[in-house]
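Please work from the sequences and hints to get the whole structure.
Here the sequence shown stands for residues 9 to 415, numbered as in the numbering used here.
A couple of the hints might just be wrong.
[Claimed, not checked] FRET-style restraints, in silico, Cβ to Cβ:
1) A304 <-> E222: 38 to 44 Å
2) T226 <-> D397: 34 to 40 Å
3) Y404 <-> T157: 43 to 49 Å
4) K338 <-> N180: 37 to 43 Å
5) T157 <-> D203: 44 to 50 Å
6) N138 <-> R365: 31 to 37 Å
[Claimed, not checked] With a straight-line Cα cutoff of 30 Å, these simulated DSSO-like cross-link-like pairs (lysine-lysine) come out:
7) K206 <-> K414
8) K414 <-> K225
9) K197 <-> K338
10) K380 <-> K340
11) K413 <-> K206
12) K210 <-> K338
13) K414 <-> K210
14) K398 <-> K358
15) K338 <-> K289
16) K211 <-> K358
17) K197 <-> K355
18) K338 <-> K413
19) K380 <-> K398
20) K340 <-> K206
21) K211 <-> K197
22) K398 <-> K340
23) K194 <-> K151
24) K194 <-> K282
To be clear, the hints were calculated from the coordinates, so they are not data collected in a lab. Note that CB positions come from ideal geometry on N, CA and C, so glycine has one too.
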Amino acid sequence: MRLGLSQPHKLIKDRLYNQNRYSETKKYIPKTAIVKMFGILTKFRINKNRMILGCLGTVSLSLFLSCTGNEPDRFHINGFIEGATDRILLVKEFDGEGYQLVDSVRVRNGEFSYSGKLQYPKLYRFYLANSEEYFPVFVENQKIYINTTLRNFRKANIRGSASHRLYESFVNHIDSINQAAMPLLKAFKKNELTDTEKEVIKKQLDSLASQQIEYIKTFVRQHRQSVVSLYILYKYLSNELTVDEYEGLYRQMDTTLFISPYAAFIDQQIEIMKHTRVGQKAYDLILPDTTGTSIALQSIHNSYILLHFWASWCDACRNEIPDVVALHQKHKAQLTIVGISLDTSYKRWKEAINQFRMSWIHLSDQKGWKNKGAAIFGVRAIPYYILLDKNHTILYKGSRLEDVKKL
Numbered sequence: 009m010r011l012g013l014s015q016p017h018k019l020i021k022d023r024l025y026n027q028n029r030y031s032e033t034k035k036y037i038p039k040t041a042i043v044k045m046f047g048i049l050t051k052f053r054i055n056k057n058r059m060i061l062g063c064l065g066t067v068s069l070s071l072f073l074s075c076t077g078n079e080p081d082r083f084h085i086n087g088f089i090e091g092a093t094d095r096i097l098l099v100k101e102f103d104g105e106g107y108q109l110v111d112s113v114r115v116r117n118g119e120f121s122y123s124g125k126l127q128y129p130k131l132y133r134f135y136l137a138n139s140e141e142y143f144p145v146f147v148e149n150q151k152i153y154i155n156t157t158l159r160n161f162r163k164a165n166i167r168g169s170a171s172h173r174l175y176e177s178f179v180n181h182i183d184s185i186n187q188a189a190m191p192l193l194k195a196f197k198k199n200e201l202t203d204t205e206k207e208v209i210k211k212q213l214d215s216l217a218s219q220q221i222e223y224i225k226t227f228v229r230q231h232r233q234s235v236v237s238l239y240i241l242y243k244y245l246s247n248e249l250t251v252d253e254y255e256g257l258y259r260q261m262d263t264t265l266f267i268s269p270y271a272a273f274i275d276q277q278i279e280i281m282k283h284t285r286v287g288q289k290a291y292d293l294i295l296p297d298t299t300g301t302s303i304a305l306q307s308i309h310n311s312y313i314l315l316h317f318w319a320s321w322c323d324a325c326r327n328e329i330p331d332v333v334a335l336h337q338k339h340k341a342q343l344t345i346v347g348i349s350l351d352t353s354y355k356r357w358k359e360a361i362n363q364f365r366m367s368w369i370h371l372s373d374q375k376g377w378k379n380k381g382a383a384i385f386g387v388r389a390i391p392y393y394i395l396l397d398k399n400h401t402i403l404y405k406g407s408r409l410e411d412v413k414k415l
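In structure tokens:
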């Protein structure tokens with residue numbers, strides 16, 4: 009995918025780890041507070057597929073249910089965190105856009121336990137309260153054992169879940185390609201390189217990025233009966249493939265998975281892709297600018313309009329901004345750039361605009377990955393570009409600025 013490298017074709021870094029930013033809860037959340045924030049099973053997309061149960065120190069969203077924990081159709085997690093005495097873990101699940109808080113778990117003397125029942129495996133993150141530190145777990149109805157330390161919290165050892173083992177193998181392979189790319193990326197950024205030398209490195213980086221995409225496609229086909237593949241298809245390929253190729257890959261999945269929550273996310277993504285494909289007229293979009301004034305996309309006119317999806321916290325975006333600035337300076341008479349930020353912090357958004365001297369229109373609702381513009385256009389990775397003509401017809405969608413320049 010295309011987070012992690014700048015001008016060359018970008019590789020996946022874990023949006024796995026870097027994608028979602030949001031405000032952390034600052035204290036232990038009692039059951040009543042969670043009910044007020046989320047309701048009881050009323051604000052989850054597919055609430056019939058999950059019934060989280062509290063057990064041994066867990067604050068649960070489900071009421072009046074026992075914690076026997078030994079049935080084969082339930083999951084039971086036993087964990088140990090070295091160095092943790094009395095701590096709180098926040099349990100968050102992937103909801104198609106980010107990770108929503110669904111529960112909290114008390115850690116006593118390093119030990120914690122968590123139980124529940126799933127219709128399909130699901131990806132959760134366990135966060136240390138008041139921290140951005142977390143480890144992901146692909147949970148399924150099995151006995152799952154977790155061992156980690158406060159010092160290396162993310163490097164949790166997780167056993168018992170075949171789904172997690174598969175997910176971990178995917179992450180490890182992607183990371184191995186990223187590791188191969190790092191020295192090339194470091195060399196690419198050196199100012200003393202000639203254009204010819206940079207072009208050679210760029211081709212090598214593009215080759216590695218292509219390897220990643222092909223690996224992901226192969227992984228999905230080889231594990232077509234696994235929910236893990238559904239998650240990976242949704243999370244990492246929708247901005248890389250045409251809608252026809254994306255839907256074709258999806259239809260190869262085992263049909264028993266088509267009623268899972270991740271399948272519902274993909275169905276929605278396909279509809280978005282069909283209505284925002286090249287040749288379609290762009291939907292109108294209204295977002296506030298830096299002064300709080302609502303700006304409608306329909307009110308912006310020029311020969312070309314470039315929608316630039318970015319965020320101040322995105323390293324790949326920051327690396328590529330100088331090229332966006334150069335493009336604007338070269339074509340500003342015919343090209344209007346509209347920056348659509350996925351920031352959640354107004355201060356950081358404004359600071360980045362000023363730092364990089366981005367003298368064009370900037371819009372943001374400061375909702376992170378729940379940004380209205382990202383939702384309308386199905387943006388799953390940043391930086392991302394959508395080029396419109398004077399009639400607001402989509403000429404290009406993708407994450408390669410080099411392709412925009414060719415148009």
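*Distance restraint between K338 and K413, which requires alpha-carbon spacing of 30 Å or less*: holds (11 Å)
_Given hint K210 paired with K414 - CA-CA distance at most 30 Å_ = This hinted pair holds, its Cα atoms lying about 17 Å apart.
*30 Å limit on alpha-carbon distance, applied to hinted pair K194 and K151*: Violated. K194 to K151 sits at ~43 Å, over the 30 Å cutoff.
*Evaluate the given range 31 to 37 Å for the C-beta pair formed by N138 and R365.*
About 36 Å separates the Cβ atoms of N138 and R365, which means 31 to 37 Å holds.
*Does K358 lie within 30 Å of K398 when you go C-alpha to C-alpha?*
holds (28 Å)
*Is it true that the CA of K413 sits at most 30 Å from the CA of K206?*
holds (18 Å)
*At the C-beta level, are Y404 and T157 separated by a distance inside 43 to 49 Å?*
holds (47 Å)
*Given the proposed pairing of K398 with K340, does the C-alpha separation stay at or below 30 Å?*
holds (14 Å)
*Are K197 and K355 close enough, with their CA atoms no more than 30 Å apart?*
Given that 30 Å is the threshold and the Cα spacing comes to 28 Å, the pair holds.
*Is the hinted pair K210 and K338 satisfied, with a Cα-Cα distance of at most 30 Å?*
holds (23 Å)
*Check the following: the C-beta atoms of A304 and E222 are separated by a distance inside 38 to 44 Å.*
With a Cβ separation near 40 Å, A304 and E222 satisfy 38 to 44 Å, so the hint holds.
_30 Å limit on alpha-carbon distance, applied to hinted pair K340 and K206_ = holds (27 Å)
Of the hints listed earlier, those the structure fails to meet are numbers 16, 23, 24, in rising order.
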